[in-house]
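Chemist: Sequence:
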Amino acid sequence: MEIERLSLDVASNSSGLLPSNLIDIIVDHLDTIFYYIRKKAKYEPNIIVKFTTIDFIFRNKIDALYHDFVENGKDFSAIPEKHEVEEYIRGFYCNTNVPWNKVNFYLEKDIVKFENDTLPIKMVDKLPQQTQCDCGAFVCAFAEYVIHGRDIPKEIDIGHVRMRYGALL
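So for the sequence shown, full-length UniProt numbering puts the first residue at 1; every next one is plus one.
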């Protein structure tokens, strides 16, 4: 089966369609906030959870590698043996955070998933929910609660979250 990457020109929300340039602005803001969170995790001593993210730089490198692969007729020899993506995954090319092999979130829990295992689901009642396409801000706020080991409040003042990130960044 051949998989091709599709470009996203529009996305839908409750009021209709969003143009791709607006989506790019939203994604750029999230990239900036997650860059801030990665830096915070690297330099702030009060971070409880070690974590890493797949950042925008890594995504660009993956896209460029795939583009070269397709341009060369999907010939694997077109991919250099020592490529930045491989070094990135092994933790040798890590710009802002923790190498993947040092992330304790997975190491401590010793997660082993077999094909026939069921996925355990934990139901959590009364979590805050976005109401006005604020999912990016909710994700960022949620990430900060988790890395600081704080309980997630039942309600989040998303206006305050946005104002806080605006002031910080």
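I should point out that these hints are in silico values taken from the structure, not numbers from a laboratory.
Any given hint could be a false lead.
Claimed, not checked - SDA-like mimics (lysine to any residue), calculated; alpha carbons at most 20 Å apart, straight line: (1) Lys40 / Asp125; (2) Lys40 / Lys154; (3) Lys39 / Phe142; (4) Lys50 / Ala143; (5) Lys42 / Asp125; (6) Lys61 / His83; (7) Lys39 / Glu155; (8) Lys61 / Asn46; (9) Lys39 / Lys126; (10) Lys61 / Lys40; (11) Lys39 / Tyr145; (12) Lys42 / Lys126; (13) Lys39 / Val49; (14) Lys61 / Pro80; (15) Lys39 / Val139; (16) Lys50 / Cys140; (17) Lys82 / His67; (18) Lys82 / Phe51; (19) Lys40 / Glu155.
Said to hold, decoys possible - What follows is a set of in silico ranges between Cβ atoms, one per label pair, in the way DEER data are often shown: (20) Ala78 / Gly149: 32 to 38 Å; (21) Pro80 / Lys126: 30 to 36 Å; (22) Glu84 / Lys50: 20 to 26 Å; (23) Phe69 / Phe138: 32 to 38 Å; (24) Phe138 / Ala64: 16 to 22 Å; (25) Ala78 / Gly136: 32 to 38 Å; (26) Glu71 / Gly136: 49 to 55 Å.
C-beta atoms are modelled at their ideal positions from N, C-alpha and C, and glycine is treated no differently.
Chemist: Would you mind marking each hint as holding or not holding in the structure?
Modeler: How the hints compare with the structure:
1. With a CA separation close to 29 Å, the supplied pair Lys40 and Asp125 exceeds the 20 Å bound.
2. Taking the CA atoms of Lys40 and Lys154, the gap is about 25 Å. The hint is violated against a cut of 20 Å.
3. Between Lys39 and Phe142 the CA atoms are separated by roughly 17 Å; this keeps the pair inside 20 Å, and the hint holds.
4. Note on Lys50 and Ala143: the hinted pairing holds, with a Cα-Cα distance of about 12 Å set against a maximum of 20 Å.
5. Only pairs whose Cα atoms come within 20 Å are accepted, and Lys42 paired with Asp125 is rejected, the gap being roughly 32 Å.
6. Restraint check for Lys61 and His83: the C-alpha separation of about 9 Å stays at or below 20 Å, so the hint holds.
7. Taking the CA atoms of Lys39 and Glu155, the gap is about 27 Å. The hint is violated against a cut of 20 Å.
8. Simply put, Lys61 and Asn46 have alpha-carbon atoms about 31 Å apart, too far for the 20 Å limit, and the pair is violated.
9. Pair hint Lys39 plus Lys126 does not hold up; C-alpha atoms about 31 Å apart against a cutoff of 20 Å.
10. For a cut-off of 20 Å, the pair hint linking Lys61 to Lys40 is broken: about 24 Å separates their Cα positions.
11. The hinted pair formed by Lys39 and Tyr145 meets the criterion: a straight-line CA distance of about 16 Å does not exceed 20 Å.
12. Simply put, Lys42 and Lys126 have alpha-carbon atoms about 31 Å apart, too far for the 20 Å limit, and the pair is violated.
13. For the proposed pair Lys39 and Val49, the alpha carbon gap of about 14 Å is at most 20 Å, so the pair holds.
14. For the suggested pair Lys61 and Pro80, the alpha carbons sit about 13 Å apart, so the restraint of at most 20 Å is met.
15. Our distance criterion of 20 Å between C-alpha atoms is met by Lys39 and Val139, whose separation comes to about 17 Å.
16. Between the alpha carbons of Lys50 and Cys140 the distance comes to roughly 16 Å, so the proposed pair stays at or under 20 Å and holds.
17. Taking the CA atoms of Lys82 and His67, the gap is about 17 Å. The hint holds against a cut of 20 Å.
18. Annotation: proposed proximity of Lys82 to Phe51 is violated, straight-line Cα distance about 25 Å (limit 20 Å).
19. Of the supplied pair hints, the one linking Lys40 and Glu155 is violated, its CA atoms being roughly 24 Å apart against a limit of 20 Å.
20. Our hint of 32 to 38 Å for Ala78 and Gly149 is violated, since their Cβ atoms are close to 45 Å apart.
21. The beta-carbon spacing between Pro80 and Lys126, approximately 51 Å, falls outside the hinted interval of 30 to 36 Å.
22. The beta-carbon spacing between Glu84 and Lys50, approximately 23 Å, falls within the hinted interval of 20 to 26 Å.
23. Checked against the given bound of 32 to 38 Å, the beta carbons of Phe69 and Phe138, roughly 36 Å apart, stay inside it.
24. Taken as a hint, the range 16 to 22 Å is violated for the pair Phe138 and Ala64, whose Cβ atoms sit roughly 31 Å apart.
25. Range check, Ala78 to Gly136: about 36 Å between beta-carbon atoms, so the 32 to 38 Å window is met.
26. Between Glu71 and Gly136 the C-beta distance comes to about 33 Å, which lies outside the given range of 49 to 55 Å.
Figure legend: structure checked against the earlier numbered hints; hints not met, in rising order: 1, 2, 5, 7, 8, 9, 10, 12, 18, 19, 20, 21, 24 and 26.
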